[in-house]
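Residue numbers (the working numbering), protein chains in the order written: chain A, 1 to 451; chain B, 1 to 274; chain C, 1 to 295.
Don't read these hints as lab results, they were simulated from the structure. Watch out, some of these pointers could steer you wrong.
Stated by the list, open to error - Covered stretches of chain A (chain B as the covering partner; in silico rule of three or more C-beta atoms under 8 Å from a C-beta of chain B): (1) 91–97; (2) 124–137; (3) 308–319.
Stated by the list, open to error - The list that follows gives simulated cross-link-like pairs (lysine to aspartate or glutamate, DMTMM-like), each with its CA atoms no further than 20 Å apart: (4) Lys-245(C) <-> Asp-274(A); (5) Lys-262(C) <-> Glu-450(A); (6) Lys-422(A) <-> Glu-189(C); (7) Lys-262(C) <-> Glu-132(A); (8) Lys-154(C) <-> Glu-132(A); (9) Lys-244(C) <-> Glu-421(A); (10) Lys-245(C) <-> Glu-421(A); (11) Lys-2(B) <-> Asp-37(C); (12) Lys-59(C) <-> Glu-132(A); (13) Lys-131(B) <-> Glu-12(C); (14) Lys-262(C) <-> Asp-274(A); (15) Lys-245(C) <-> Asp-417(A); (16) Lys-59(C) <-> Asp-252(A); (17) Lys-62(B) <-> Glu-309(A).
Bear in mind that the values here come from a model prediction, so they are computed numbers and not experimental data. Note that beta-carbon positions come from the ideal geometry of N, C-alpha and C, so glycine has one too.
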Amino acid sequence: MKKRVIAILLSALTAVSIVGCAGAGAAAPAADAGSAEAVEEEAEAAPAEEEAAPDSIGSSVEGELSITIWDEGQREGLQKIVDKWSEESGIKATIQVVDWNNYWTLLEAGATGGELPDVFWMHSNVAQKYMENDMLLDLTDRIASSDKIDMSNYYEGIVNLYQSDGKQYAVPKDIDTIALWYNKTIFDEMGVPYPDDTWTWEDFAENAKKLTNDEHWGYAIAPGNNQEGYYNTIYSMGGYVISDDKKTSGMDDPNSIKAVKLFTDMIAEGSCPDLATVSETAPNELLSAGKVAMSINGSWMLAGYRDNEYTAENCDVAVLPYTSSPDDRVSIYNGLGWAASANGKNTDAAWSLIEYLGSKEAQIEQAELGVTMSAYKGTSDSWVNSVSCFDLNGHMKMLDAKLVFRPYSRDTTVWEDMMIEKLQDAWTGDKPVEDVCKDIAEEMNAALAEE
Amino acid sequence: MKKTVYYAIIYFILVIVSIIMLVPFLWMFLTAFKTVAETMQVDPFVIVPKVWQTQNFGNVIKAMDFVRLYANTLGMIALRVFFALFTSTLSGYAFARLNFRGKNLMFSLVLLQMMIPVQIFIIPQYVMVSKLHLTNTIWGLVFPGIVSAFGTFLLRQAYMQLPRDLEDAARVDGCNIPQTLFFIMAPLTRSAIIALGIFTAIFAYKDLMWPMIVCPDNRATTLASALAKMNGQYQQKYPELMMAALISCVPMIVIYILFQKQFIEGIATSGGKL
Amino acid sequence: MKKKASSRQISEFIWGWIFILPTMAGLIILNIYPMIDTIKQSFFKAGDFGKGNEFVGLKNYEKVLLDGEIWQALWNTAKYAIVEVPVSIVIALLLANLLNKRLKGRDTFRTIFFLPMVVAPAAVAMVWKWLYNSNFGLINNVFNIKVNWISDPKIAIYSIAVIGIWSVLGYNMVLFLAGLQEVPRDYYEAASLDGANGLQQLLHITIPLISPTIFFVLVTRIIAAMQVFDLIYMLIDLNNPAWKKTESLVYLFYKYSFEQSKKGYGATVVVLLLAVILILTVIQLIGQKKWVHYE
């Protein structure tokens with residue numbers, strides 16, 4: 001008898017504990033919303049405060065926009081800009097960060113389930129796929145009637161990237177350039193003058209040799225350093241990676257082969273570390289540790305180098321070398337775009353935010369805060385002053401070089417991954433560069449035919 | 001004499017294995033107090049930081065809201081553990097000790113679940129969670145852990161290890177099936193339940209992809225996902241990453257030490273029973 | 001006789017289903033349904049975002065059978081599992097056995113062996129990457145050797161397996177300790193009186209008595225090892241010469257499904273993996289009758 005009573009009590013207890021848990025769970029997000037308001041107080045966005053619904057934070061709350069990006073380093077600065085928009089519009093918007101890999105999984109899942117973030121970043125790797133499937137809000141008409149946005153103000157490659165069938169699906173956010181980072185201390189020690197705008201790629205290879213000793217190498221490059229490496233020399237030397245119609249590969253072009261060979265020769269000579277070394281420690285890490293004298297990097301590396309006390313103290317940045325005349329100094333560039341979900345709950349607000357983020361005012365502020373260089377031409381000047389430890393003119397002046405948009409097609413990663421993998425044999429010297437490049441071109445043509 | 005040698009050997013083995021297990025931690029700890037340049041210094045090879053960079057600690061604390069991350073993580077763990085223990089006790093016992101039509105088919109589904117890589121669930125489960133409007137909530141975090149195939153299998157094994165006569169005796173006493181489970185059998189699987197609790201907690205804690213995707217908001221996410229964001233593409237500040245990793249281990253170590261006590265009590269009780 | 005079930009049978013049937021209902025409902029919605037969907041996908045050339053799938057019959061399977069990369073990945077996965085599973089089980093069994101004795105400092109040792117379990121996966125990868133680094137790593141510098149632990153195609157997969165062993169030792173050990181709690185102490189006392197030494201006790205008493213636990217560890221570890229992904233993903237990138245020799249099946253699946261939007265082909269890789277794991281598990285389930293003793 002007694003046992004039966006206990007059994008009943010026990011099941012009652014279980015039931016209560018389940019209900020109790022539900023209660024606790026419901027309370028937890030409420031607490032979240034509470035502190036969200038606390039954050040907001042700083043931003044003085046008083047009217048929006050009431051709208052923070054207690055049942056859920058983040059996506060799809062009525063009257064609140066969700067913004068998703070992948071770079072934690074840019075969150076703070078961008079949130080400041082977004083907060084200004086919130087002040088004007090009275091609509092709250094919070095930036096959420098998901099790391100690069102999971103970002104694309106999240107978007108994929110969101111697109112499959114019809115629940116994309118309201119506003120988010122687009123990238124050249126996948127833009128075509130999202131545009132073709134009408135996942136992104138068509139901005140064409142809104143841009144046409146906007147007095148803030150005029151596509152001719154932005155760098156052309158980025159504008160084109162986010163176009164499909166004559167429609168515009170994203171507003172350019174930023175632009176990156178490639179430049180030559182170098183370690184002043186090693187240059188001084190080896191008695192080599194700092195790189196400047198007179199260097200040719202030949203000088204570069206020559207000096208790398210002079211900068212090599214038992215302690216450090218002259219330069220480092222991994223097969224994966226395409227935009228931050230051989231893509232620049234390929235276009236500088238007159239080769240190409242992909243044809244304009246995106247149907248054929250240019251990797252078997254003699255000039256492309258020559259451009260890759262520049263680096264593989266350096267590896268063979270020993271002025272560049274071998275494949276095993278760069279595969280375990282990336283070239284930018286080697287620079288940060290004083291193990292290489294030079295590294296070719298994109299402007300997105302700035303935050304990393306700035307926050308690292310060694311690089312901040314010892315390193316600086318110069319323009320990339322050219323091949324035969326300063327006219328063929330090339331920077332492979334890329335730029336993100338601000339896009340909105342096609343079936344978001346509040347597309348008008350999303351557009352208003354994107355319009356603001358693309359406006360001259362916000363683009364200037366983005367550069368001023370040192371977030372990135374901006375996609376709006378002529379607004380990046382203040383970016384040079386955003387840090388004091390480097391002379392960022394190295395990156396800025398590359399905007400005046402021959403800007404080539406990063407090679408892409410519909411499924412860029414398919415052939416890019418293949419290329420990196422195959423280039424390993426050229427890096428180790430197991431196969432001649434010509435053979436490797438021809439092999440790459442063949443497979444790339446096959447992949448492009450399948451797109 | 002013989003006994004001393006015997007124990008000396010045992011301790012020798014234990015100490016050697018301990019050292020191997022601890023080296024990565026020691027390295028993590030030392031790196032957490034180094035400068036970035038020191039992490040890559042070869043000649044002289046730096047093992048102990050020259051100057052202990054204690055500000056790394058402050059930087060990390062400033063960069064990550066650990067209180068909230070701990071709270072989210074522990075909340076998720078508590079709920080997942082509760083649900084996993086409850087549902088797995090029921091199903092583990094049923095699969096081990098009850099005979100009913102369809103049992104084998106259902107149990108093969110349980111095994112099947114464990115064979116599928118979790119990556120294939122991510123997108124369908126995310127779609128469900130977002131339809132339920134649970135993204136960026138604790139229930140979104142808990143969602144895939146409401147039931148546990150692993151727990152079902154583990155507790156089934158535990159119940160199969162128990163002697164049949166206990167159950168028979170209970171039946172003779174007039175216990176029905178739920179009473180037998182809750183009063184006679186479940187308490188005997190105590191150490192397995194604690195093991196399952198610890199594992200559920202740890203797997204939940206280590207889960208990375210799911211919290212990252214379902215709770216991208218920094219206010220709603222877990223330690224593991226915040227750590228991975230910090231480890232994002234363009235960061236090279238290893239000392240601070242190591243520091244963050246160290247700080248995030250602490251609550252799990254505490255949980256383990258707390259429940260290890262329970263283990264030992266488990267020894268005391270089970271010793272008398274059989 | 002079979003006409004009428006006894007009331008006991010009826011009540012086992014009813015309670016059995018009630019007990020498994022929450023678990024089964026959850027599993028079917030959360031896991032089984034997505035799995036069936038994946039199997040279905042393997043017969044399609046997937047369109048974007050789950051739309052516009054194009055039925056291709058067995059084409060994906062034909063391609064998988066002829067794809068050298070996939071067989072290499074299967075072989076890599078197998079190599080990992082063959083090293084990680086037995087080594088971690090044997091060491092954990094020995095440790096659990098030692099720690100089941102009344103030793104001074106037992107709790108401390110247990111905690112130490114368990115520690116790796118509580119480190120976030122990103123941190124495990126980071127710290128080992130440093131230990132293994134051929135230029136700046138602790139191992140090469142302390143022993144003054146020059147081994148490319150994770151970039152030499154011949155040894156990289158084993159270096160990764162070592163990390164795997166380090167990480168799961170605590171898991172195996174805790175389970176074995178839990179299993180050992182059910183072994184009555186007087187068995188050992190009786191054996192000692194008969195003059196059995198430690199090894200004999202381990203082989204003839206401990207192992208048979210905790211064989212259900214060993215079986216559980218074996219089955220779950222093999223399944224988990226066949227799904228190895230995180231470690232490899234975080235340690236080896238496209239630049240690494242050991243890439244081809246360390247790529248696992250789940251890695252390939254991830255690459256096709258998430259990075260290259262070839263969902264149909266990715267699904268086919270999962271079905272292959274599932275078939276392999278299924279076969280391994282069925283063999284173990286049949287084989288257990290020979291060595292696993294239930295009460």
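Cross-check of the supplied hints:
1. Coverage of the region 91–97 of chain A by chain B holds [criterion: at least 3 residues with CB-CB distance below 8 Å; count 3].
2. Coverage of a stretch by a chain is defined here by at least three residues with a beta carbon nearer than 8 Å to that chain's beta carbons; for the region 124–137 of chain A and chain B the count is 0, and the condition is violated.
3. Here's how the region 308–319 of chain A fares: 3 of its residues keep a CB closer than 8 Å to some CB of chain B, so the rule of at least three is met and the hint holds.
4. Straight-line distance between C-alpha atoms of Lys-245(C) and Asp-274(A) comes to about 19 Å, which keeps the hinted pair within the 20 Å bound.
5. Restraint check for Lys-262(C) and Glu-450(A): the C-alpha separation of about 12 Å stays at or below 20 Å, so the hint holds.
6. For the suggested pair Lys-422(A) and Glu-189(C), the alpha carbons sit about 64 Å apart, so the restraint of at most 20 Å is broken.
7. Taken as a hint, the Lys-262(C) and Glu-132(A) pair is honoured in the structure, with Cα atoms around 17 Å apart against an allowance of 20 Å.
8. Among the hinted pairs, Lys-154(C) with Glu-132(A) is inconsistent with the structure: their alpha-carbon atoms are about 44 Å apart, more than 20 Å.
9. Under the criterion of a C-alpha separation no larger than 20 Å, the hint pairing Lys-244(C) with Glu-421(A) is consistent with the structure, at around 9 Å.
10. Straight-line distance between C-alpha atoms of Lys-245(C) and Glu-421(A) comes to about 12 Å, which keeps the hinted pair within the 20 Å bound.
11. Annotation: proposed proximity of Lys-2(B) to Asp-37(C) is violated, straight-line Cα distance about 63 Å (limit 20 Å).
12. A distance of roughly 26 Å separates the Cα atoms of Lys-59(C) and Glu-132(A); the hinted pair therefore is violated under the 20 Å criterion.
13. Distance hint between Lys-131(B) and Glu-12(C) is unfulfilled; the C-alpha atoms sit about 37 Å from each other, more than 20 Å.
14. Of the supplied pair hints, the one linking Lys-262(C) and Asp-274(A) is violated, its CA atoms being roughly 33 Å apart against a limit of 20 Å.
15. The suggested pairing of Lys-245(C) with Asp-417(A) holds, with an alpha-carbon distance near 16 Å, which does not exceed 20 Å.
16. The hinted pair formed by Lys-59(C) and Asp-252(A) fails the criterion: a straight-line CA distance of about 31 Å is larger than 20 Å.
17. Restraint check for Lys-62(B) and Glu-309(A): satisfied, since their Cα atoms lie roughly 18 Å apart, inside the 20 Å limit.
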